[in-house]
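Visitor: Generate coordinates for the entire structure from the input sequences, incorporating the hints supplied.
The sequence shown runs 1 to 648 under our numbering.
Simulated from the structure, these hints should not be mistaken for lab results. The beta carbon of each residue, even a glycine, is placed where N, CA and C say it ideally should be. Keep in mind that a hint or two might mislead.
[To be verified] Label pairs and their in silico Cβ distance ranges:
id: 1; residue 1: H579; residue 2: R601; range: 28 to 36 Å
id: 2; residue 1: R584; residue 2: P529; range: 24 to 32 Å
id: 3; residue 1: I38; residue 2: L271; range: 44 to 52 Å
[Stated by the list, open to error] Derived EDC-like pairs (lysine to aspartate or glutamate); straight-line CA-CA distance at most 20 Å:
id: 4; residue 1: K188; residue 2: D502
id: 5; residue 1: K159; residue 2: E172
id: 6; residue 1: K416; residue 2: E535
id: 7; residue 1: K153; residue 2: E189
id: 8; residue 1: K133; residue 2: E55
id: 9; residue 1: K88; residue 2: E123
id: 10; residue 1: K224; residue 2: D500
id: 11; residue 1: K430; residue 2: E396
id: 12; residue 1: K374; residue 2: E359
id: 13; residue 1: K525; residue 2: D372
id: 14; residue 1: K370; residue 2: E172
id: 15; residue 1: K115; residue 2: E172
id: 16; residue 1: K600; residue 2: D553
id: 17; residue 1: K368; residue 2: E539
id: 18; residue 1: K153; residue 2: E127
id: 19; residue 1: K368; residue 2: E541
id: 20; residue 1: K430; residue 2: E123
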Amino acid sequence: MKNLYLRAKCILNDHSNNNAPEYEENSINVEVTFPQAITADELSIRIYNNDSYKEMCVGYHYNKSYKKFKKVCLNISSSEDWENQHLKAYVIIDNEVKWQCSLFLHEPKDNYWTKQILSPIDENSVEKFFVEKLSITGWWDYQTTTKLNISNKKDLIEKLFTLSQMVHGKSELQPIFVIGEDDKYTLKEFTSEMVNEFVLEGDTSITDNSSPNRVNTSFEDILKHPCNWAEIKRKIGTAKTFVIEAPQINYTLEAVNLINLFMDSIVNEVLNKNVVLVIYGLMDNINMLKGNCYTVKDIYQNCNKINLTDWEEIDIWNPCDNSDNDDAGDIIKSLLMPKADTAASEPAEIAKNNDAEKELEGMIGLRKVKDDMKDARLMSMFKKKRADMCLQKNKENVNHMLFLGNPGTGKTTVAKLVGQIYHNMGLLSKGHTVETNRAKLVGEYIGMTEKITLEVIEQARGGVLFIDEAYTLISNKESDSKDFGKEAVNALLTVLSEPDPDMIIIMAGYEDKMNNMLSTNPGLKDRFPLNFTFENYNEDELMEIACNLLEKDNYKLTDAARDRLHLLMEKAVANRDEHFGNGRWVHNLINQGVIKSMAKRVMLGGFTEQNKESLTQIEEADIIEAEKNYIDIRNKRIVSIRPIGFRA
1 MKNLYLRAKC ILNDHSNNNA PEYEENSINV EVTFPQAITA DELSIRIYNN
51 DSYKEMCVGY HYNKSYKKFK KVCLNISSSE DWENQHLKAY VIIDNEVKWQ
101 CSLFLHEPKD NYWTKQILSP IDENSVEKFF VEKLSITGWW DYQTTTKLNI
151 SNKKDLIEKL FTLSQMVHGK SELQPIFVIG EDDKYTLKEF TSEMVNEFVL
201 EGDTSITDNS SPNRVNTSFE DILKHPCNWA EIKRKIGTAK TFVIEAPQIN
251 YTLEAVNLIN LFMDSIVNEV LNKNVVLVIY GLMDNINMLK GNCYTVKDIY
301 QNCNKINLTD WEEIDIWNPC DNSDNDDAGD IIKSLLMPKA DTAASEPAEI
351 AKNNDAEKEL EGMIGLRKVK DDMKDARLMS MFKKKRADMC LQKNKENVNH
401 MLFLGNPGTG KTTVAKLVGQ IYHNMGLLSK GHTVETNRAK LVGEYIGMTE
451 KITLEVIEQA RGGVLFIDEA YTLISNKESD SKDFGKEAVN ALLTVLSEPD
501 PDMIIIMAGY EDKMNNMLST NPGLKDRFPL NFTFENYNED ELMEIACNLL
551 EKDNYKLTDA ARDRLHLLME KAVANRDEHF GNGRWVHNLI NQGVIKSMAK
601 RVMLGGFTEQ NKESLTQIEE ADIIEAEKNY IDIRNKRIVS IRPIGFRA
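Guide: Have a look at this one:
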């Protein structure tokens, strides 16, 4: 049989191809000549960059007359530059790749044809897989050119081909390790697309927990909830794939033994049932995992590694405390069985000496908040103990809160402490706090708000998401259909519905406005089981806040100044309204009122280096001067906050 030929040349674009978009300014003419006429409904030519595997263009010939043809001529346009690139052309007949050749095109001004012999494609080849399966998925170019910086794409294609062969029973089933570099969310997205496309073949995504074809977990969950192992084992019986995330873990002796026990008891069964095991994680986390756990290292030595980084893999050993070298069975027993003195030791566990709890208890006032917070912690610890002992069918770990109260009552400070306290209890993985409000969440265009809110949610994972003045997210006007705050609320509802979100969402604001928002959204109210009311400070508490501020900066009150300041606090409490700033008002009174008055008195009164005491001693006159600007008894109102600094 005579050879098949493909010849091509770059041409100056005269926009003769009316079907091409305006931005596709580079054109080539391509001709395919067959030794004898063939019959086909469709012929297409796909051209890729031979180094980056990026699709440069595709052209189609539709045989509407259904007659045999011996030669096809196509004019193909593209936004990509053709010249001086090593290219690969593939000829596809009725959606099946048949032939390929290499191409190197000359500049259009040369008017030079490049002619190449077309070689047949093997039926079971990596190239056929790439052109027919991988490159047309839609996510390949996006992941490899936009999201991931992968230098060796050829190796990645070969690994994905091996995965496809395994799934279809054409090669031995092996575990898969997907290794990323520094972005766990991009890594999870890539793993999701890979599992969806080549294991489940479009059935679902990795984040859809409703699919019976896939079981998801993480080594962190495996350590936290060993009583769930039996349920995982049951689900694996009907699944196609078992996906495990490898996050950052503290590899204590207990953790290592538990992971090894889990892998020995369950993962071997996975492999025996032809379930595809996928373990994914950042490079450092994978190295720590296989460096500490022999079961993972054994699996890793005979697996299909998809390395999305340019780093070499090493084993990192994290030495554990082996002073109590119990076997894994004893560790499981100690975790699941209550100790004899559990009841006696539990109050001590709740009241353990940590800085966050001490700081909360040391805050001025807030007695009801402190008592309610203690009750909430006790209940959370109680549920955690029951869950650890498999006594509770409901595995929910939901501790979302409402902070109701006026400004300056300590809501933001307490929110930060909540993250640390619940982290110390083992109910949050990080314990940090992300503060936000409507201005930071709501975008200017449709879709922006949801994107921003979801990004903020991911930043807060493992800690607290504190939303101040949350009532502003929902408009009270029924006609306000363009209010993008609703998009933020809808995005939050997805997290609020999660049974174990590893996050506490705290919404804060005025009590009446928050209650009004919740009354119009009963579904939202049900998702906040914990409510805390922050009461206004009384005059003694405001006085204590003021004295603490002054003492912190080495100021002293004369007796007369102290009496006058206390009288001022009584007036403030008697005349306050719903906008009174409480602790915030005291901060401004001291820093922008009293200290400012003192500074004017001292500096205009002839300060000398010998009279250093005048720089620390606050006189009654300073309080009286500040009172003029911060309280208006005649109109029975508190004067709003004044700007910092002197005015001419």
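Visitor: Work down the list of hints and note, for each, if the structure agrees.
Guide: Results of checking the hints against the structure:
1. Checking the proposed 28 to 36 Å range against H579 and R601 shows it holds: the Cβ atoms sit about 30 Å from each other.
2. About 29 Å separates the C-beta atoms of R584 and P529, a value consistent with the hinted range of 24 to 32 Å.
3. With their beta carbons about 46 Å apart, I38 and L271 fall inside the hinted range of 44 to 52 Å.
4. Restraint check: the Cα-Cα separation between K188 and D502 comes to about 17 Å, which is no more than 20 Å; the hinted pair holds.
5. For the given pair, K159 sits about 13 Å from E172 by alpha-carbon distance, which is consistent with the 20 Å threshold.
6. For the given pair, K416 sits about 18 Å from E535 by alpha-carbon distance, which is consistent with the 20 Å threshold.
7. Taking the CA atoms of K153 and E189, the gap is about 18 Å. The hint holds against a cut of 20 Å.
8. At roughly 13 Å between alpha-carbon atoms, K133 and E55 fall within 20 Å of each other, so this suggested pair holds.
9. Taking the CA atoms of K88 and E123, the gap is near 18 Å; set against the 20 Å cutoff, the hint holds.
10. With a C-alpha separation of about 12 Å, the suggested pair K224 and D500 falls inside the 20 Å cut-off, and the hint holds.
11. Proposed proximity of K430 and E396 is supported: the alpha carbons are some 19 Å apart, at most 20 Å.
12. With a CA separation close to 13 Å, the supplied pair K374 and E359 stays within the 20 Å bound.
13. For the proposed pair K525 and D372, the alpha carbon gap of about 18 Å is at most 20 Å, so the pair holds.
14. As the CA atoms of K370 and E172 are separated by approximately 60 Å, the hinted pair breaks the 20 Å bound.
15. The straight-line distance between the Cα atoms of K115 and E172 is roughly 41 Å, outside the 20 Å bound, and the hint therefore fails.
16. Restraint check for K600 and D553: the C-alpha separation of about 18 Å stays at or below 20 Å, so the hint holds.
17. Restraint check for K368 and E539: the C-alpha separation of about 17 Å stays at or below 20 Å, so the hint holds.
18. This hinted pair checks out: K153 and E127 have alpha carbons roughly 13 Å apart, not beyond 20 Å.
19. For the given pair, K368 sits about 14 Å from E541 by alpha-carbon distance, which is consistent with the 20 Å threshold.
20. This hinted pair does not check out: K430 and E123 have alpha carbons roughly 51 Å apart, beyond 20 Å.
Comparing the model with each numbered hint stated earlier shows that hints 14, 15 and 20 do not hold.
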